[in-house]
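Asker: Chains A and B supply the protein sequences, listed in that same order.
For the first sequence, position 257 matches number 607 in the numbering used here, and the numbering has no gaps at all.
For the second sequence, position 317 matches number 667 in the numbering used here, and the numbering has no gaps at all.
If you're looking for bench data, these hints aren't it; they were derived computationally from the structure.
Owing to the predicted nature of the structure, the values given are computational and were not obtained by experimental measurement.
Hints are not guaranteed to be accurate.
The list makes no distinction among identical chains, and a pair is therefore deemed to hold if it is satisfied within one copy or across any two copies.
[What the hints assert, rightly or not] Here are the simulated EDC-like cross-link-like pairs (lysine to aspartate or glutamate), alpha carbons at most 16 angstroms apart as the crow flies: (1) K536 to D699; (2) K724 to D399; (3) K352 to E366; (4) K352 to E653; (5) K462 to E686; (6) K591 to E366; (7) K736 to D399; (8) K511 to E669; (9) K352 to D558; (10) K536 to E464; (11) K591 to E561; (12) K591 to D470; (13) K724 to D417; (14) K588 to E561; (15) K512 to E561; (16) K588 to D399; (17) K462 to D672; (18) K736 to E669; (19) K382 to E671; (20) K382 to D438; (21) K479 to D506; (22) K591 to D558; (23) K511 to D374; (24) K352 to D699; (25) K393 to E671.
There are 2 protein chains.
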Amino acid sequence: MKAFNYLIPTQIIFGEGKISALHDQIAKYGKKVLLVYSGDVVKITGIYDQIMEIFKEEGVSFWEVGDVAPNPRVDSVNKGGALCKEHDIDWILGIGGGSAIDCSKAIAAAAKYEGDDAWDMVMDISLLKDALPIGNISTVAATGSEIDPISGINNDATNEKKGLVHPLLYPKFSIQDPLYTFTVPKFQTAVGTIDMMCHILENYLTMDITEAVAPTYMAEGLLKAIIEMGPVAYNDPKNYKARSNLMWAAGQAMCGLLEVGKVRTRTVHPIEHAVSGMYPSVVHGEGLAILMPRYMEYALSPETAHVLAQYGRNVWGVEGEDNMEVAKAAIEKTKEFFASFGVRTRLRDVGVPEESLPEMAKIVIKDVGGVSVKGLHEMFEEDVLKLYQMAW
Amino acid sequence: MKAFNYLIPTQIIFGEGKISALHDQIAKYGKKVLLVYSGDVVKITGIYDQIMEIFKEEGVSFWEVGDVAPNPRVDSVNKGGALCKEHDIDWILGIGGGSAIDCSKAIAAAAKYEGDDAWDMVMDISLLKDALPIGNISTVAATGSEIDPISGINNDATNEKKGLVHPLLYPKFSIQDPLYTFTVPKFQTAVGTIDMMCHILENYLTMDITEAVAPTYMAEGLLKAIIEMGPVAYNDPKNYKARSNLMWAAGQAMCGLLEVGKVRTRTVHPIEHAVSGMYPSVVHGEGLAILMPRYMEYALSPETAHVLAQYGRNVWGVEGEDNMEVAKAAIEKTKEFFASFGVRTRLRDVGVPEESLPEMAKIVIKDVGGVSVKGLHEMFEEDVLKLYQMAW
Chain A
351 MKAFNYLIPT QIIFGEGKIS ALHDQIAKYG KKVLLVYSGD VVKITGIYDQ
401 IMEIFKEEGV SFWEVGDVAP NPRVDSVNKG GALCKEHDID WILGIGGGSA
451 IDCSKAIAAA AKYEGDDAWD MVMDISLLKD ALPIGNISTV AATGSEIDPI
501 SGINNDATNE KKGLVHPLLY PKFSIQDPLY TFTVPKFQTA VGTIDMMCHI
551 LENYLTMDIT EAVAPTYMAE GLLKAIIEMG PVAYNDPKNY KARSNLMWAA
601 GQAMCGLLEV GKVRTRTVHP IEHAVSGMYP SVVHGEGLAI LMPRYMEYAL
651 SPETAHVLAQ YGRNVWGVEG EDNMEVAKAA IEKTKEFFAS FGVRTRLRDV
701 GVPEESLPEM AKIVIKDVGG VSVKGLHEMF EEDVLKLYQM AW
Chain B
351 MKAFNYLIPT QIIFGEGKIS ALHDQIAKYG KKVLLVYSGD VVKITGIYDQ
401 IMEIFKEEGV SFWEVGDVAP NPRVDSVNKG GALCKEHDID WILGIGGGSA
451 IDCSKAIAAA AKYEGDDAWD MVMDISLLKD ALPIGNISTV AATGSEIDPI
501 SGINNDATNE KKGLVHPLLY PKFSIQDPLY TFTVPKFQTA VGTIDMMCHI
551 LENYLTMDIT EAVAPTYMAE GLLKAIIEMG PVAYNDPKNY KARSNLMWAA
601 GQAMCGLLEV GKVRTRTVHP IEHAVSGMYP SVVHGEGLAI LMPRYMEYAL
651 SPETAHVLAQ YGRNVWGVEG EDNMEVAKAA IEKTKEFFAS FGVRTRLRDV
701 GVPEESLPEM AKIVIKDVGG VSVKGLHEMF EEDVLKLYQM AW
């Protein structure tokens, strides 16, 4: 196993009715709270009313940023930061999926930042020196933001998106009640499931698979669980067993636990980000569903076949001696699984014009540091372009 | 999945040469340090010299409790606590396996305890109100104490053993360099491997196996990794791949990660503790190797066969349709695996006289709350006695 550091200091409070744990958190962090959420979900699920009841009992004063966009904007961050400073807010509660929780983290830093525009801090992390405590109530099983120290922020003025990553941004607690995910629409359940799988696969599919045995086998276990539970939640949205397992899986898939001891790779995620970055109507998880199997096909060679074959045998139960054959079967299984959710399977189907593929390939290479996408198979700009063409 | 809370806030710093991370920890926690260890291991592995070099560079003043016994005594705790108070020590560094690290935690609490005898605090946890920061350098893959908030302390005067468990006792950091485990003797490697497996199995083998799918499949993955790597480390003590995977596995096996969403059970561990408690020459891991397969046999019934069969299929690759047959094969595999390490397989072989079995069964029932051992199969005092007789 390669050297690594691992830390997830977030208290996970998991189960039906666990919103009651807010009482303890108020006692711990204070009675002046900023709520950060994105409109609908907190109303549909009834979370908002439940919070109001607890806040009333505890005598909490609160303010709100309730209009966080799907890709949170630095404007919301500045607005939240100003509220915190003006009202001397004690801590921040993010409610929702990745966007609301990401935004709550950036606000926590903005609240302690002396400048006026938090974008300066996003661009220069050394300016982040303190942050308010952050907690969250998770309502979607997909992003892992509920337990990680990462916040992705967009700047409409400059058309940039950047990640703010800092140990001060670890949530202090995450309340995870699977019931809140019962109302997640079918399509979102599908793309959330695919996103989790692709996060695991991205770091699982490396040559370290034979060295980092313990994290690799645990990753295989979690992949199997997601493959089993995803379709159940998709077809039966109020299935507690499926929803609870997926909710737990989301955090474990993305918090770094299954990547320890391996070289950390970013492969299909940056390749997809260039697509949905240029065409925001493309949903990240659907883009991943299109690109992941093509990435596997592109990376498959006599040198890498044993990696994809292990995936086939241990995750999909594919039998056979020949690594190439087992690897190909594993890729087919992956394609079929994604297709079973009814997601589209070609870039042209999701509205990406063929002529934009070269530009997107350039963006990918820039995103990964200027040379190549490293992973199971090193990919230069022309490789990424070929991959896009295969997927188009 | 059942409701649960999960928190492991310890920074894990893993890999060859990672002792260098001590520089950062000194900067964070201070320059007056108490070292807690148990003689030999820090000398054999060269850790002590490495620490001295870093302490010298950093200008650290240090004191020592260097004679921690295998089952740490409250006398060592009081001694360490007094040193901390007298010299206004900033933080505590435990070095070694479970005993040294357990002792370092209790000393951290004793340092902030106003009374003279820390045993009062062990007996009444409400007296624990503060603790010094604790870090550790782990040298054995076995106990999980390096990342948990649990400290087991013995009192020779009253002949009692008790666990001190408190969130303030979470280590701030754990340095895990697999090289330090190269000198762990073969027998210790064997019993450490068995102990990890039994910790996982104890919580894996429950009726929740079909509900908590994600933690269950991850547990199966880790069991497979331990089964693969244990014999490699046993036969080739300087095998970095095996030692690193086992070192990582130890923490994950025991930190609660694989038990989330399940009813927490204590079965074979209390049944073994009564044995090694009465006969301290019995090594805990060897006792477990004797008792775990018998526990499985005792618990096997038409109602529980599917649980043991899943273990057989997913961990051992046993094939077959009939759950009872697959379960029996899984138990055989487990026995054979333990025996492959050359550990003894009967209570009589490790020096337990037959006439003490009834007394031990009473102790077990007392330990688990006075009624029965709950798990895959509820066991009353007469069941525990029968189990002991099967294992004698």
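Asker: Each hint: holds or not?
Answerer: How the hints compare with the structure:
For the identical chains of this complex, K536 and D699 are neighbours neither inside a copy (19 angstroms) nor across copies (60 angstroms), given an alpha-carbon limit of 16 angstroms. Taking the closest pair of Cα atoms, K724 and D399 never come within 16 angstroms of each other, the shortest separation being 47 angstroms inside a single copy and 39 angstroms across copies. Taking the closest pair of Cα atoms, K352 and E366 come within 16 angstroms of each other only across two copies (9 angstroms); inside a single copy the shortest separation is 38 angstroms, beyond that limit. Taking the shortest Cα distances, K352 and E653 never come within 16 angstroms of each other, neither inside one copy (21 angstroms) nor across copies (43 angstroms).
In this assembly of identical chains, K462 and E686 lie within 16 angstroms of each other by CA distance neither inside one copy nor across copies; the values are 48 angstroms within and 60 angstroms between. Taking identical chains as interchangeable, the C-alpha atoms of K591 and E366 lie at most 16 angstroms apart only when both belong to the same chain, with a minimum of 12 angstroms there against 41 angstroms between chains. Neither within a single protomer nor between protomers do K736 and D399 lie at most 16 angstroms apart by alpha-carbon distance, with minima of 51 angstroms and 55 angstroms respectively. With identical chains, the CA atoms of K511 and E669 are never at most 16 angstroms apart, being 44 angstroms at best within one copy and 51 angstroms at best between copies.
Taking the closest pair of Cα atoms, K352 and D558 come within 16 angstroms of each other only inside a single copy of the chain (9 angstroms); across copies the shortest separation is 34 angstroms, beyond that limit. Proximity of K536 and E464 under a CA criterion of 16 angstroms is satisfied in neither setting, with 43 angstroms inside one chain copy and 58 angstroms between copies. Proximity of K591 and E561 under a CA criterion of 16 angstroms is satisfied inter-copy only: 6 angstroms between copies versus 33 angstroms inside one chain copy. Taking identical chains as interchangeable, the C-alpha atoms of K591 and D470 are never at most 16 angstroms apart, the minima being 44 angstroms within one chain and 44 angstroms between chains.
Taking the closest pair of Cα atoms, K724 and D417 never come within 16 angstroms of each other, the shortest separation being 38 angstroms inside a single copy and 49 angstroms across copies. Taking CA atoms no more than 16 angstroms apart as the test, K588 paired with E561 passes between copies only; the shortest distance there is 15 angstroms, against 40 angstroms inside one copy. Taking the shortest Cα distances, K512 and E561 never come within 16 angstroms of each other, neither inside one copy (33 angstroms) nor across copies (39 angstroms). Neither within a single protomer nor between protomers do K588 and D399 lie at most 16 angstroms apart by alpha-carbon distance, with minima of 21 angstroms and 59 angstroms respectively.
In this assembly of identical chains, the alpha carbons of K462 and D672 never lie at most 16 angstroms apart, being 58 angstroms within a copy and 63 angstroms across copies at closest. Taking CA atoms no more than 16 angstroms apart as the test, K736 paired with E669 passes in neither setting, with 30 angstroms inside one copy and 43 angstroms between copies. For the identical chains of this complex, K382 and E671 are neighbours neither inside a copy (62 angstroms) nor across copies (59 angstroms), given an alpha-carbon limit of 16 angstroms. For a Cα distance limit of 16 angstroms, the shortest separation of K382 from D438 inside one copy, 8 angstroms, qualifies, whereas the shortest one across copies, 36 angstroms, does not.
In this homomeric assembly, K479 and D506 never come within 16 angstroms of each other (Cα to Cα): the closest approach is 25 angstroms inside a single copy and 49 angstroms across copies. When the C-alpha separation of K591 and D558 is checked against a cutoff of 16 angstroms, the pair qualifies only between copies, where the shortest distance is 11 angstroms, while the shortest distance within a copy is 33 angstroms. Neither within a single protomer nor between protomers do K511 and D374 lie at most 16 angstroms apart by alpha-carbon distance, with minima of 35 angstroms and 32 angstroms respectively. When the C-alpha separation of K352 and D699 is checked against a cutoff of 16 angstroms, the pair qualifies neither within a copy, at 41 angstroms, nor between copies, at 41 angstroms.
Taking the shortest alpha-carbon separations for K393 and E671, neither the intra-copy value of 54 angstroms nor the inter-copy value of 48 angstroms comes in at or below 16 angstroms.
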